[in-house]
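The listed protein sequences derive, respectively, from chains A and B.
Position in the first sequence counted from 1, then plus 31, gives you the numbering used here.
Position in the second sequence counted from 1, then plus 31, gives you the numbering used here.
Hints should not be assumed to be uniformly reliable.
Since copy identity is lost for identical chains, a pair holds within one copy or between any two.
In the DMTMM-like style, the derived pairs of lysine to aspartate or glutamate whose C-alpha atoms are separated by at most 20 Å in a straight line are [said to hold, decoys possible]:
(1) 180 x 404
(2) 41 x 120
(3) 41 x 115
(4) 64 x 367
(5) 255 x 169
(6) 34 x 256
Think of the hints as simulated: they come from the structure by calculation, not from any bench.
Here the structure is a predicted model, which means the values were calculated and not measured.
Number of protein chains: 2
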Amino acid sequence: MSKLDDVYAKLQVKTGAKLALIVLDGLGDLATKSQGWLTPLEAAKTPNLDALTRSGCAQGRMIPVAPGITPGSGPGHLALFGYDPIEWEVGRGVIETLGLGIELKNGDVAARANFCTLDAKGIVTDRRAGRIATEVCERLCGILSSKIKKVGTTEVLIYPGKEHRFVIVFRGKGLEGPLTDTDPNREGLPIAEAKPTDPDNAGQKKVAKLIADFYKLALPLLAKEKTANGFLMRGVAHQPDIPTFEQRYGLKAAAIAVYPMYKGLSQLVGMTKIEGPETIAQQFERYVKEYDNYDFFFIHYKYTDKAGEDGNFAAKVKAIEDFDAALPIFLAKKPDVIAITGDHSTPAAAKGHSWHPQPVLLHSELSGSDKLDRFTETGANSGSLSVFEAKYLMRLMQANAKMFDKYGA
Amino acid sequence: MSKLDDVYAKLQVKTGAKLALIVLDGLGDLATKSQGWLTPLEAAKTPNLDALTRSGCAQGRMIPVAPGITPGSGPGHLALFGYDPIEWEVGRGVIETLGLGIELKNGDVAARANFCTLDAKGIVTDRRAGRIATEVCERLCGILSSKIKKVGTTEVLIYPGKEHRFVIVFRGKGLEGPLTDTDPNREGLPIAEAKPTDPDNAGQKKVAKLIADFYKLALPLLAKEKTANGFLMRGVAHQPDIPTFEQRYGLKAAAIAVYPMYKGLSQLVGMTKIEGPETIAQQFERYVKEYDNYDFFFIHYKYTDKAGEDGNFAAKVKAIEDFDAALPIFLAKKPDVIAITGDHSTPAAAKGHSWHPQPVLLHSELSGSDKLDRFTETGANSGSLSVFEAKYLMRLMQANAKMFDKYGA
C-alpha cells in the first residue's frame, strides 16, 4: 500500500451514501472521416444521458493503465475498482478461469491450457490440436478430471473452454505463481518445463513440481488420442490476495453483470455477484430491487465492446442507444454518486481494445456542472475532471459521497 | 527530496526575476442550477482580472493534494509553496499554534489543548469544560504559564485561544512528534496517556514523558476550579524541519497576509512576515513599497474562503469584486511572473473546503495566451496548463521566470 493509499484510508469515514459505477465496456472511441468525424457516443441518440448531463455533471477522460497501454478486461476493471493495475497483476490463467465463470479462492494457482498434437518423439506438431470441437475438449477434460483429482495433496480442477481451450486450477497450501509457460510458442519443439519466475520462491517451486507431476499423470490418459494427445499451459498464475472492496472502502458492493468474466473480476475484490439479469433493463430493475441491500453497485454492459471488437460502428451506436433507452429504469432510484464510463476504449476503427482514454461522466450533489449538453469524447476533453488515471475514479466517487475527512488543518 | 526535486535543484539559476503568488483562499467553486450554472468567479464583475487575462495568460486547474482529497489550509499552502503535502505533514498542534500567531522554531513540539471537567475520580465529565469564557481561559493559562516555565530542561510555553481552547509548546532538544491524544474522545473515561506513534522513536518517547510530567505539575494548579479542573491534548506534533524557500528556490520571499494562520504557514518555509496591512488594497500598496526588497511575494486574501464556508454565494462574488477593484494597485508594479489562484476550492454549495481542482492564472512574458476573455473555472478547464498537482505551480513560476537551465543537451 502506497503512502497515498494510507492517507486515503485514514481520511475515510462511513456516510451511508449509495454509489453506482456503470461500465459500458470499451465505450471510448475515435472520430474518423468515414463516420463523419463522429464517435459512436456522438452519433448515438441519447436523450436520457443528455438529460442527466444537463442536470449537472462533471466530465473527463481516464487513462486506463498508463499512457499508450491497452488494457485487457482484467487491468481495465481493477483500475475502475480503484486498484493500481500495475501493482496488482492478475495473471492470464486467473482471468481465463474467471471468464469461464469459475470461482477461485485466494491462493489458487490457475493456468490457461490448450490441447495440442505431439508426434511419437513428443514434439509439438500442432499447438492447437487442429482446433478440435468443443465437444471433444469437454470429453477430454472429463477424462482428465475423473482420473486426476489430486497431485500429492494438492487438488486439481479441470474445466473445458471453447474448442481446444481449457483451464487447470491447483488448489492447496503454499502455492504461488507466476511460472513460465509449458507452451514452446512454436511447433517443432517439445513441451517446455514450467519454471518459477523467481528461482527462490518456494511456492513457485512447489507449483513447478506439481505441473511436472501432473503431466506424468495426464499425458498417458491422452496417449490414444490422434490429434489432442498433449496439452500446453500458459499464464500460470495465482489469485492475488487483494484487499476486498469492503476492506478498502468500507462499502458493501454488488456486481450486476451478465458475462462470467466481469462477475469473476468483481468477485476478485469481494463484490457479491447478483445472478439472474440478462439484459441491461433487467440489470437496472435488479439494481432498483437491491438498492437498500448494498452501498455500491457495479453494473456492467458488454455490447459496446462487442460491437467495437467487430469493427461495427452502427452496432456500437445501437448498443449505446439501447443502454440509453433503459437508463430511466436506473434513474428511478438515483444514488448519491453515479459514474458512467468504460473500462477502456474499443474503437470500431481499431477492431479491438485500445489505449485511448475513455470518457467518464460523474454526477452527484457536488459534481458541479461542466455546462455540456451531452456526454461525448469531445465534450469530455474540456470537462473539469480533465484526464486522470482510472485508478483514481473510486477516490473521486468517494469524495463526491463525502466519504473523506479533510486532510490536515 | 525526490529525484525530480534533485533535477530541479541542479537546473536552478539566479535571474533576479520578481515573482508574485496571489492566493484567493478557497477560490475554486462549482456551477450549480440555483446560481444559474455560474460559479462566483463567473458571476463576479472583474474588469481588471479580465484585462490581465486578455493581456496574455495561461490557465489551468490544480489538484491541491491528490484526487478526491480535501485539504486544510496547511497542506493547501504547502503545495502552493511547492512542497509535496503528502511528504511534508504539518500536525494539527503546529497549525493551531501558527493560527494563534505564535512563532515556532524548528524542533518545537506543539499541541492543541482544551480545558475539561473532571470528577473526583479523574473521569472526564465535560470535554469542553462547559465552553468557559475566553477570559477564564486566559486567566487559567496565565496561572499555568506563570507556575510552569520548564519541565526538566524543556521549556514550556502556554498560549490561550478562544473559549476552552489553548496551545502548549515544548521547546528543547531532541523532541519529536506525533504522539497520540490525551483526549479520550468521549466523556466517561479518564485522561488518556500520550503515546509515541512510533514506539522506537526516542524523541517521541521523550515527549511522552514530558507530557506525563507536565500533567503532574499542571493538574494540582487547576484543582480548585469547578468546571475547568483538567485539560486534554490533541494533535501533538513537531514543527517539521522543512528546507526554507530560499534554500529550495534561491528566492528571498515575503508574505503579505492578514490572518495569523497564513503568516505562520509562510514562516514555516522561512518567508519574511510583513506586518501592517489589513485590507487587500493595503496589502498591494505594501507590495509596491517592498518590491525591491524581495524576489518573491506571497499575498493572501481570506474573504473568498470565508464566504464559501458560510455558503454565501453573493458574499463570495463580492469578495472577488473587492479583490478585482484593488488589483490595479498591484499591477502598477508588475512582476515578471504572476500567479493568481486558490489554495483549494471552498464551494458555496459545499459550505466548506473541497477537493475540486482550483483554477489558476499564470502571466509572464512566456506564459503564452489561452485566448480566453476571462479567468473562470470553465475557461480554466480548456486552458493550456490543463490539470496538474498544485505542488508544481512553483516549478511553472520558476520556469516562467527563466530560472531553469535546459535539462540535458
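The hints, checked one at a time:
1. Within a single copy, residue 180 and residue 404 get their C-alpha atoms no closer than 59 Å, and across copies no closer than 66 Å, so neither meets the 20 Å cut-off.
2. In this homomeric assembly, residue 41 and residue 120 come within 20 Å of each other (Cα to Cα) only across copies, at 14 Å, whereas the closest approach inside a single copy is 25 Å.
3. Taking identical chains as interchangeable, the C-alpha atoms of residue 41 and residue 115 lie at most 20 Å apart whether they share a chain (18 Å) or sit on different chains (18 Å).
4. For the identical chains of this complex, residue 64 and residue 367 are inter-copy neighbours only, at 17 Å across copies versus 39 Å inside a copy, given an alpha-carbon limit of 20 Å.
5. Proximity of residue 255 to residue 169 under the C-alpha cut-off of 20 Å is restricted to the intra-copy arrangement: shortest distance 16 Å within a copy versus 86 Å between copies.
6. Neither within a single protomer nor between protomers do residue 34 and residue 256 lie at most 20 Å apart by alpha-carbon distance, with minima of 56 Å and 45 Å respectively.
When the structure is compared with the earlier hints, violations turn up for hints 1 and 6 and for no others.
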